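Could you slot chain C onto chain U? The hints should help.
Protein chains in written order, with our numbering: chain U, 202 to 438; chain C, 6 to 342.
No lab work stands behind these hints: they were computed from the structure. There could be a bad hint or two in this list.
To be verified - Mimicking BS3-like on lysine-lysine, the simulated pairs with C-alpha atoms at most 27 Å apart in a straight line are:
1) U/K274 <-> U/K209
2) U/K274 <-> C/K238
3) C/K238 <-> U/K266
4) U/K406 <-> U/K426
5) U/K347 <-> C/K238
Claimed, not checked - Simulated restraints on C-beta separations:
6) C/F170 <-> U/D282: 38 to 44 Å
7) C/S222 <-> U/D207: 33 to 39 Å
8) U/D282 <-> C/F171: 34 to 40 Å
9) U/S240 <-> C/F171: 40 to 46 Å
10) U/V212 <-> C/L202: 47 to 53 Å
Stated by the list, open to error - In silico negatives: residues of chain U with every beta carbon more than 10 Å from chain C:
11) V212
12) S359
13) D361
14) P390
15) Q421
16) E423
If you're wondering where the values come from, they're calculated on a predicted model, not measured in any experiment. Idealized CB from N, CA, C, for every residue including glycine.
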Amino acid sequence: MSVLMDVKDLVLSYPKGPRFGPMSFEIREGEAFALVGESGAGKTTVAFALTNVLRFKRGKRINGKINRHCSYKEISYVPQDPAAALDPLFTIGSQIRELGCSEVAIRDVLEKVRLPLENISLQSYPHELSGGMLQRLLIAMALVRKPKLLIADEPTSSLDVIHQAEIMKLFRAVHAEGIAILFITHHLPLAMALCSRMAVLFEGKIVETGTPQMIFQTPQHEFTKRLLAAVPMLEVA
Amino acid sequence: MKHGFLFWCATLFLGGLILSACFADRIAPYDPNLENRTQALHPPTLLHFWDEKGRFHKRPFIYPTQGVFEANMTRSYDAIHKKKCFLRRGTRALLGVQSPARLYLLGTDSRGRDIFSRILYGARVSLSIGIFGAFVAVAFGFFVGALAGYFGGWLDHLLMRVAEFFIMIPALYLLLALRSALPPTLDSFQVYLLIVLILSAIGWGGVARVIRGMVLSLREREFVQAAQVLGRKTPEILMRHILPHTFGYLAVIVSISIPSYIFGESFLSVLGLGIQEPAISWGNLLMESLSYSVVRFHPWVLYPGLAIFLTALCFNIVGDHLKASQVSEDKTGEIPS
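Bound-form chain U, shown alone (with noise of 0.2 Å):
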């Protein structure tokens, strides 16, 4: 499997903020790779780093390497609220239609995401579609420019659990489709369920790197103990 990134002694910084890294990790191609930490720990940051949102930022420093191997216009990225990510004052059609994409690609990558056009209205504006509705909807909308990587930066954090289900059925999907993807959560079962590799981030630094039944069986460091240890368990009164 060729590497599509390779980030290398990354660290990110504000003037006045929070310092993350350095930080090393690669995502190979067609492989489902997890960034996991509590919030706050930059997995964000990092995100905007590799789609090169960043330059946009303010006072932001970029330091250490990320090679890509693939073009910008080969990532894409599913953001953290989809509420937020689409305009407000435009029509979710006429947003779609600005990805220049094909009348017949737009209703096929609806259709995989299991949002035909039957069931929307592409005159409706971003209010008027559910949480579920709109994360599928990005995330098709994320999939119809044919990506080699896609980004998601906790892309169930806004959903019930059944939603949440229903977009980690989805990104098996995708992943099944050879696309590699950046899944970046603070849900380890998530994690565990879809990815083959994972990175555990605390404090802005990698402090373990491996498969989710290494990290699963033999945890190494304290925080990714205390992860586990938080992990939910069906208990019956």
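What follows is chain C alone, placed relative to chain U:
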């Protein structure tokens, strides 16, 4: 938010004024430069519906007048006979009376020119300077503010310091300084463009400051970041995802700043630095009222000032309502369709 009675009155007034200015040659009873020295400083003609016998007439009429010199060297106008002249479609316009009677709805100036006709023609220049100037200032302010807010860094510092320089200087002095720095002998159209440019140069700074703040906040919104990930070009992001979100503010600022541009033009014209005769603007119409004795005995020469006052008031009412509706929209999170 529902707009109130005042808003609709103001909108109706402004709409009517703009239409009247556009069709001034169809509405104004007389050519604005037509002089009738025998009827200089004629008071506004009263329209009557009831005649001396108390009979009602559907169509209003006037009594023709003739000037009489008084002992104190002022001239008064008396009805020469009780012949009724009904209002009818004039030879050149909608409003008129049968010759030799003259219809002066707002009186005449010292050269016997009809003030009503001159106000309608002057509205073309004054309103268009106000509207055009406000648009130029807002467009330039948006451009500068958007660049500063979006790119930040040294560009932001540079542009904002320039904007602050323009905000800092008192507007009237800047107006005079800019006008006096430019050649005095220009034709009317050149002066018109010059005034628009000068007024815009004064007004863009404030707009740029506010737009910069809005763009600073908007560029952190996820839909802008999503557009950045998609590789959209900066002008495209600014026009497509940032400009529409500032429309509410821009609409308010345009309507509120138009009066100040009209005042600016009037100020320059009254001082003789703006639009000069034979071109007509509300500002140079007010030159008549610079003399105390004229205003004392012929207060109708102040009607152009009343036109400026009412127009400014109406634009402010419209602006205030737009601002209030925008605030209530922000609170309820309504999405304008």
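* Which of the numbered hints above does this structure break? -> none
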